[in-house]
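Enquirer: Listed in order, the protein sequences are those of chains A and B. Numbering (this note's numbering) for the first sequence: 147 to 326. Numbering (this note's numbering) for the second sequence: 3 to 472.
Worth flagging that the hints you see were computed from the coordinates, not collected in a lab. Cβ coordinates follow ideal geometry from the N, Cα and C atoms, glycine included. Each hint should be verified, as a subset may be incorrect.
What the hints assert, rightly or not - Here's a subset of chain B near chain A, in silico, CB distances under 7 Å, partners left out: (1) Pro-27; (2) Arg-28; (3) Ala-45; (4) Ala-47; (5) Leu-54; (6) Asp-106; (7) Gly-231.
Said to hold, decoys possible - Here are a few chain B residues that sit away from chain A, every Cβ distance over 10 Å (derived from the structure): (8) Leu-59; (9) Leu-64; (10) Ala-308; (11) His-361.
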Amino acid sequence: MIDRVRSSHLWRAQEATWSPARVRFAMLTVGVAIATVGLVVALGGGRVVGITLYMIVTLAALFLPAAIAIQVGLGQLLVGQLLLGAGSVDPLLAVPAFAGVVAGAELLAVVAWLDSPLRRQPTDAGANTGRAVGLAAVVFGSVLLLVDLPGPTGILAVVLASAACGILAGRLARTAPQEE
Amino acid sequence: MNRRSGTASAGGGGHQEVTRRRPDPRLPAYLVAGFGALVVAIATARPELAALGTPFLALAALGLREGRRVDIRGEVRLHRERAVEGGLLEGEVHVEWDEDAEVDVVLAGGRGIRPVEPERVTGWALQRGHGPVTLPFSVRARSWGAHDPGYLWARVRRPGSFTVWEHRLAEIPAVRVLPSALRLSRLLKPAEPRAFAGMHVARLRGQGTDFAELRPYQPGDRLRDVSWGTSARMGVPWVRVNHPERTGTVVLLLDSVFGTEDEALARAARATWAVASMHLKAQDRVGLLARGRTAAWLPPRSGRRARLLLLDELLSVGRAAEDVSRRRLPGRRVLVPADALVVGVTSLQSHTFAPNLIHYRRIGHATVALIIDTSDLLPAVSGRTDAAARRVWFAERMVERRVLERAGIPTALVRGGKGVGGAVLTLRRRMNALLHPTRIVAGSAWSAEAVVRSDVGDHGSGESQEGLTP
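Bound-form chain A, shown alone (with noise of 0.2 Å):
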């Protein structure tokens, strides 16, 4: 139990560490999260509520890496908002807007990486997050074309592509070898 407790105090200080390279990265979340917003409301999305909370959450989320789960499941409602509300656009313009969220959930992942007093050097976490952007962006933007596919085909398309996922998911999550 005392190596547990350790353990979990043993990678970061008692104090947060602000190296440049976090800074830089904390900069360029919060640039990733106005530009999303932006382009929300460019959109004709978004609530002045929601927006106000999606950046309370990102600024949150830089100092709290648990926050990261509530700035995904709001920029979901920003996004959804945009797809489902009244006079919704072109769901291919949407993809942006997604992409954003997700880069900024992927930014704040490598802020909290950096938050270390062994001065971590963040030289593949560009290309990691922009190769997950580009992941999430061609799916979205896939499963949002099957979607328009006519009639049942559209719909078996859009469940088997989120089973394909789910499942993969699910059974890596599952089967990923557990504490020894």
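Given the coordinates of chain A, work out where chain B should sit on it, guided by the hints.
Expert: Leaving out everything else, chain B in the frame of chain A:
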């Protein structure tokens, strides 16, 4: 230089390997977002919403794909296992792994050492790549004692993985941190020196170098003892008689309840070690008796072996005393040699130490006490409550000290950051005053009450003493 090498590695020396998995903060976020969006899409019959969840599930699947464990091994080598308080211990960490991964390595989880300033941890964040790597390091010996400085930990992550593996790879070899030396050139005077040659002047007369008296020549006296000057003046031969130098026995009674301040511990250790070293150099037999958070008893011995044994015992006491989770151990009273001078070393934080010391006084031992001054370690006063608490703190210690004085135990204050020489000199004077009671005059500088008053009167800052001075 004696360069002993210590090594610890995984799987050796009873080290139990610990491995655990920690998820990236994105993993729960993506899984909840992905499955949540799918559920909402089904519940609302809006297939568009599935598009909001599927990408997150795909990212989670990608992140978990690389989640298997990386085999990693490591060891820690110390070039030396001994250091003086505040000194540097150097060594190197060797870590091996075979696959492409980002690895963080850190030395942590133990006592007695700390990173060299300005670093906050002794660790490395290694760039993505393969092992092996060898990492030289320096750590600072923090506080005296024989310590288990902790473990070598590694945190491994494959590129793009949402899973971080933490491994406890090896134990850091035990280190022995010696108390830093205090200058001490004076000895306490043991009650009754033994019949072995040493540095204490015995009451008996015999072969020695310290002058005792002159007396008329008697048949059998050595010619070399004749005092030619006196003989010339007196007209008959006179001889010079000296005191022989003998060894003494000193038992150091260490109060190992020192609260949680490392510096208080260190001061006690320095004082104890300074007195012990000086007496051992003077061929005295020195023993150690510890009471408080740990109990230890090392019977009086002399010589080089005694020095090492005493140091070992002192380091064990230091390790135990630093363990704040350790409870006070009741120790039985130990029968110390009848001729022993019992020297108590205490900060008067334990209420049981004074009765213990008084016990040795009452059964006839010459007994003195070195009071370790820790008043400068108290936090700064901010407000009336703090000031009152400070006054109570001082009052409690003054009462304890007076109890000792009234029981016939001379005391002297070892001030923070200063040598123990002044305190030993005070004790010598006080012991002489006790041996020659005619010198004690009520109100004089040497009376017990006056000494306590003078010590306490300039104890710490002036403001802290308000209301204490009688």
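Enquirer: Each hint needs a verdict: does it hold in this structure or not?
Expert: Against the structure, the hints:
no.	hint	result
1	Pro-27	holds (4 Å)
2	Arg-28	holds (5 Å)
3	Ala-45	violated (13 Å)
4	Ala-47	violated (9 Å)
5	Leu-54	holds (5 Å)
6	Asp-106	holds (5 Å)
7	Gly-231	violated (75 Å)
8	Leu-59	violated (4 Å)
9	Leu-64	violated (7 Å)
10	Ala-308	holds (37 Å)
11	His-361	holds (38 Å)
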